[in-house]
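Peer 1: Residues per chain are reported as follows:
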Amino acid sequence: MKHHLREKLVANVSGMAPARAMRLLRAASVLAIVALGMMMWSLVDPSPAPVLLALSVGQVLGTLSFVTFLAVVGWDVYREWRANKLKPEADEP
Amino acid sequence: MHHTSPLTVIAALLAIISVVLLVRFLVLRPVFNRNTKISLLLGLGVFPIGAAATTNVEGYEATQKRQFCGSCHVMTPIARDSEDAKSAGLAARHARNAFTGENNCYVCHADYGMFGTVLTKMGGMRHVWLYYTEFRSMPFEEAKDKIHLVKPYPNTNCMQCHSTENPGWLAEPEHRASLEATRAGTVSCASPGCHGFAHPNMVPEKDRGHTPAQLLPRPRIDAGAAHSLGLVDGGAP
Chain A
1 MKHHLREKLV ANVSGMAPAR AMRLLRAASV LAIVALGMMM WSLVDPSPAP VLLALSVGQV
61 LGTLSFVTFL AVVGWDVYRE WRANKLKPEA DEP
Chain B
1 MHHTSPLTVI AALLAIISVV LLVRFLVLRP VFNRNTKISL LLGLGVFPIG AAATTNVEGY
61 EATQKRQFCG SCHVMTPIAR DSEDAKSAGL AARHARNAFT GENNCYVCHA DYGMFGTVLT
121 KMGGMRHVWL YYTEFRSMPF EEAKDKIHLV KPYPNTNCMQ CHSTENPGWL AEPEHRASLE
181 ATRAGTVSCA SPGCHGFAHP NMVPEKDRGH TPAQLLPRPR IDAGAAHSLG LVDGGAP
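In the order they appear, the protein sequences are chains A and B.
Using the numbering used here, read the first sequence as starting at 1 and increasing by one per residue.
Using the numbering used here, read the second sequence as starting at 1 and increasing by one per residue.
It should be emphasised that the hints constitute simulated quantities derived from the structure, not laboratory data.
One or more of the hints may lead you astray.
What the hints assert, rightly or not - Calculated pairs, DSSO-like style, for lysine-lysine (alpha carbon to alpha carbon, straight line, at most 30 Å):
{"id": "1", "chain 1": "A", "residue 1": "K85", "chain 2": "B", "residue 2": "K37"}
{"id": "2", "chain 1": "B", "residue 1": "K121", "chain 2": "B", "residue 2": "K151"}
{"id": "3", "chain 1": "B", "residue 1": "K37", "chain 2": "A", "residue 2": "K87"}
{"id": "4", "chain 1": "B", "residue 1": "K86", "chain 2": "B", "residue 2": "K65"}
Claimed, not checked - Listed next, the stretches of chain B that the computed footprint assigns to chain A, with coverage defined by at least 3 CB atoms under 8 Å from CB atoms of chain A:
{"id": "5", "segment": "6 to 17"}
{"id": "6", "segment": "21 to 32"}
{"id": "7", "segment": "42 to 52"}
{"id": "8", "segment": "66 to 74"}
Glycine included, every Cβ here is placed at the ideal spot set by N, Cα and C.
Start from the sequences, fold in the hints, and give me the full structure.
Peer 2: Structural data, given as structure tokens:
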């Protein structure tokens, strides 16, 4: 019973993370593209609205996308570490 | 002529590379492996941070330019007066000075001191807020009667460049007569009796008749001041 639960946990952690991670990363990529668009707009048209948008909303979106990336990578590293830790124990007779 | 700075080119290149990497990730949907992580580290981290840093510098510099200040319609006539080669207003005379040049709005209106830049930017945000909440739909002729400085223009801003210490400045009898008042800020350099209005087109027509002292025939420099300035040969070896 214990052996079965551990196997299931390893399978869940290994299988579930990438799908959720990819969704988050796709969202982060879209946010980053929007932020970069705002920054480019402020360079092309350096008037108050674009410049203030780039320096405020653009910065927030860009930071959010990078933090999301770091969180996903951190989660992935933890997931692999957890899986590696559980695997040898699960293989024990 | 519009000048594209190297920073703008660098920011644009970094942003384009980032977008290419991110679009590739979105379209191809690769497996989340080591290569994908490195690609995203570049596309979401390294290149965008570089683009943001350069854009921040460019944005900060853009906020100092007269073109930026004059892009709100209630400021456009003031900026145009600055650019008018025939204008005798203080702002226009400073715009013709290479030191202040196209940054003349910022150079004259920026607060100085340790937190001067921060305070100036906070004041600028207030201007943006007022523009979008009050003046955006208001014609200039109506707005110019409502726009006013939040506090009297401080002479300390003028004194950042015009120290009131140079012999040439002290040689002017009017400067000597009002020296203490000028330094104390009780007499404004930009008052009608002294150097005139900074933005004549913001002043009601009836009040514009005054000719700034700077535009009147120059007073004669007395012998002592002329000697101290080295404008006369004192016969010394």
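Peer 1: Take the hints in turn and mark each one as holding or not.
Peer 2: How the hints compare with the structure:
{"no.": "1", "hint": "A/K85 x B/K37", "result": "holds, 22 Å"}
{"no.": "2", "hint": "B/K121 x B/K151", "result": "holds, 16 Å"}
{"no.": "3", "hint": "B/K37 x A/K87", "result": "holds, 24 Å"}
{"no.": "4", "hint": "B/K86 x B/K65", "result": "holds, 21 Å"}
{"no.": "5", "hint": "6 to 17", "result": "holds (count 4)"}
{"no.": "6", "hint": "21 to 32", "result": "holds (count 7)"}
{"no.": "7", "hint": "42 to 52", "result": "holds (count 7)"}
{"no.": "8", "hint": "66 to 74", "result": "holds (count 4)"}
The structure agrees with every numbered hint stated previously.
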